[in-house]
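Top to bottom, those sequences are chains L and S.
Residue numbers are given in the working numbering: position 215 of the first sequence equals residue 311, and the series is strictly consecutive.
Residue numbers are given in the working numbering: position 195 of the second sequence equals residue 291, and the series is strictly consecutive.
No wet-lab data here; the hints were simulated from the structure.
Quantities reported herein were computed from a predicted structural model and do not represent experimental measurements.
Fair warning: there could be bad hints in the mix.
[Stated by the list, open to error] Derived pair list, reagent style BS3-like, types lysine-lysine, alpha-carbon separation capped at 25 Å:
no., chain 1, residue 1, chain 2, residue 2
1, S, Lys381, S, Lys211
2, L, Lys203, S, Lys385
3, S, Lys211, L, Lys211
4, L, Lys384, L, Lys126
5, L, Lys276, S, Lys197
6, L, Lys384, S, Lys203
7, S, Lys295, L, Lys299
8, S, Lys203, L, Lys211
9, L, Lys203, S, Lys276
10, L, Lys320, S, Lys295
[Claimed, not checked] Covered by chain L, according to a simulated footprint, are these stretches of chain S (three or more residues, beta-carbon under 8 Å):
no., segment
11, 215-223
12, 260-269
13, 290-302
Ideal Cβ positions, reconstructed from N, Cα and C, are used throughout, including at glycine.
2 protein chains.
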Amino acid sequence: MELLDGKRLADEIKAEIAAEVEAIKKNGGKIPHLVAIIVGHDGASETYVGHKEKSCAQVGFKSEVLRFEDTITEAELLHQIELLNTNPDVDGFIVQMPLPKHINEQKVIEAIDPKKDVDGFHPVNVGRMVIGLPSYVSATPDGIVDLLHRYKIETAGKHCVVLGRSNIVGRPIANLLSLKANPGDCTVTVCHSRTPNIKEFTKTADILIVALGRAEYVTADMVKEGAVVVDVGITRVESPNTKSGWKLLGDVKFDEVAPKCSYITPVPGGVGPLTIVSLLKNTLKAAKKEVYG
Amino acid sequence: MELLDGKRLADEIKAEIAAEVEAIKKNGGKIPHLVAIIVGHDGASETYVGHKEKSCAQVGFKSEVLRFEDTITEAELLHQIELLNTNPDVDGFIVQMPLPKHINEQKVIEAIDPKKDVDGFHPVNVGRMVIGLPSYVSATPDGIVDLLHRYKIETAGKHCVVLGRSNIVGRPIANLLSLKANPGDCTVTVCHSRTPNIKEFTKTADILIVALGRAEYVTADMVKEGAVVVDVGITRVESPNTKSGWKLLGDVKFDEVAPKCSYITPVPGGVGPLTIVSLLKNTLKAAKKEVYG
Chain L
97 MELLDGKRLA DEIKAEIAAE VEAIKKNGGK IPHLVAIIVG HDGASETYVG
147 HKEKSCAQVG FKSEVLRFED TITEAELLHQ IELLNTNPDV DGFIVQMPLP
197 KHINEQKVIE AIDPKKDVDG FHPVNVGRMV IGLPSYVSAT PDGIVDLLHR
247 YKIETAGKHC VVLGRSNIVG RPIANLLSLK ANPGDCTVTV CHSRTPNIKE
297 FTKTADILIV ALGRAEYVTA DMVKEGAVVV DVGITRVESP NTKSGWKLLG
347 DVKFDEVAPK CSYITPVPGG VGPLTIVSLL KNTLKAAKKE VYG
Chain S
97 MELLDGKRLA DEIKAEIAAE VEAIKKNGGK IPHLVAIIVG HDGASETYVG
147 HKEKSCAQVG FKSEVLRFED TITEAELLHQ IELLNTNPDV DGFIVQMPLP
197 KHINEQKVIE AIDPKKDVDG FHPVNVGRMV IGLPSYVSAT PDGIVDLLHR
247 YKIETAGKHC VVLGRSNIVG RPIANLLSLK ANPGDCTVTV CHSRTPNIKE
297 FTKTADILIV ALGRAEYVTA DMVKEGAVVV DVGITRVESP NTKSGWKLLG
347 DVKFDEVAPK CSYITPVPGG VGPLTIVSLL KNTLKAAKKE VYG
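All chains should be built: construct the whole structure from the sequences, respecting the hints.
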């Protein structure tokens, strides 16, 4: 059993991006510039955006955070987005979710110029990804592809079972891995809350991707010997044995499943660290105009 | 075993659309208007467009065909598309494929205003469909959904196996049937040319959708007793026993598979007749501004 070490990979890819930014600087090119919009004072959002800023600094990107109170109107937020859309100095930007209830999140997502949509949530980018055209792939599925790719895990002809059908994980990773690509060319099965017999599917999986958000849902009896297991779940639970009083659990019962696997992600330290790297990759692509020319 | 009679359903839905158009007329509303662009003199394209015109006439739509020689430049074709995009009298339009080699088909598809893209091939419409937003769904997957819906076939919790991963059939129908919807809520597996053991999957399918383009590929031993089989394939083969000298075959060996099925589509007369109906439905939606408001 080998651990899929997302932390190590993230550092490796960040170093590659930093080197590329260094080269751009030397050649007098434009430094990639990422902007994050944050509305209100949600603790988790602050943490995410903080990580993003730190990562931008590590690779030499220019980064900015635009902060608005949660009293901002939808119209004013859309206006701010339009300013970023038309600002030639800004290569990419994200709007940190969730937004206050009086703002329509889907409307906000669709207001972002697809060329600057480095979160990859705009329907144009989703559609382009599904069709197999160049696109900004959203963070978690892109991180999973990176893991499989960098660990040289054979995917062609393998049966990949995805648990979960969310728009940000299950659905895009299922589409990506069934494409004629490498990683890709998998036979892909998507299971979800309405699948009555999930175990029958997971037991046949060569590659099992779990994104249900149910702590320790996958047990050893559900996994085939030698499988590759990617655990996207992350649930915070009370833990009297830790200093903080809580710990993070994945969707996979790691201790009993790991011995059966050829590869498995730890939680934390698996897919998580790669999600921010994906944002950096997309911003670099945006600066280089690689997706839309 | 019951036949999924696409021809009868198509007539039924056309009658419903015709009644709606009649009502629009009575209320002094605008008659839905579909335009088809056809480039060159491809025989199959002429046939398709002919069928579309006839169907438009049947339901009372206004329809037009714009014909261009295959010497038309890409720039000129894009200009014609822009004229349709901005013509308020045109609700929807399609560009019949294939196009001559000097014209980039993807560029043409993306030039069409998504609001008028009644073929549903624009990445925006693909992305919206995948996310579960209102969209124009392309003809074949939409026809399959109609078949399942009108025959009241239970899909929730069923295992649907899709053979083929094309952008116009396999990929969209897999996405549609895994959505939280009715028809939908299926566990979906996508198999394709790189799947080494297709039979292992097809044998577990409650609903089997075949879109490989390989005549009589699916045999009785590949199908579970009681399965619902939807055959999208259509291949023209020589036949000394028919007057014309040829006949049409599906991807399923109908004679031996049919007795095992609860429902099965004939070929021809299954999904085929519903594809044009889907175009009519999308044009009506466009006229009523149901998708984009």
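Now for the hints, and whether the structure bears them out:
no.: 1; hint: S:Lys381 <-> S:Lys211; in the structure: 10 Å, holds
no.: 2; hint: L:Lys203 <-> S:Lys385; in the structure: 17 Å, holds
no.: 3; hint: S:Lys211 <-> L:Lys211; in the structure: 20 Å, holds
no.: 4; hint: L:Lys384 <-> L:Lys126; in the structure: 9 Å, holds
no.: 5; hint: L:Lys276 <-> S:Lys197; in the structure: 23 Å, holds
no.: 6; hint: L:Lys384 <-> S:Lys203; in the structure: 21 Å, holds
no.: 7; hint: S:Lys295 <-> L:Lys299; in the structure: 17 Å, holds
no.: 8; hint: S:Lys203 <-> L:Lys211; in the structure: 16 Å, holds
no.: 9; hint: L:Lys203 <-> S:Lys276; in the structure: 21 Å, holds
no.: 10; hint: L:Lys320 <-> S:Lys295; in the structure: 20 Å, holds
no.: 11; hint: 215-223; in the structure: holds (count 6)
no.: 12; hint: 260-269; in the structure: holds (count 3)
no.: 13; hint: 290-302; in the structure: holds (count 4)
Going through the hint list in order, the structure satisfies each hint without exception.
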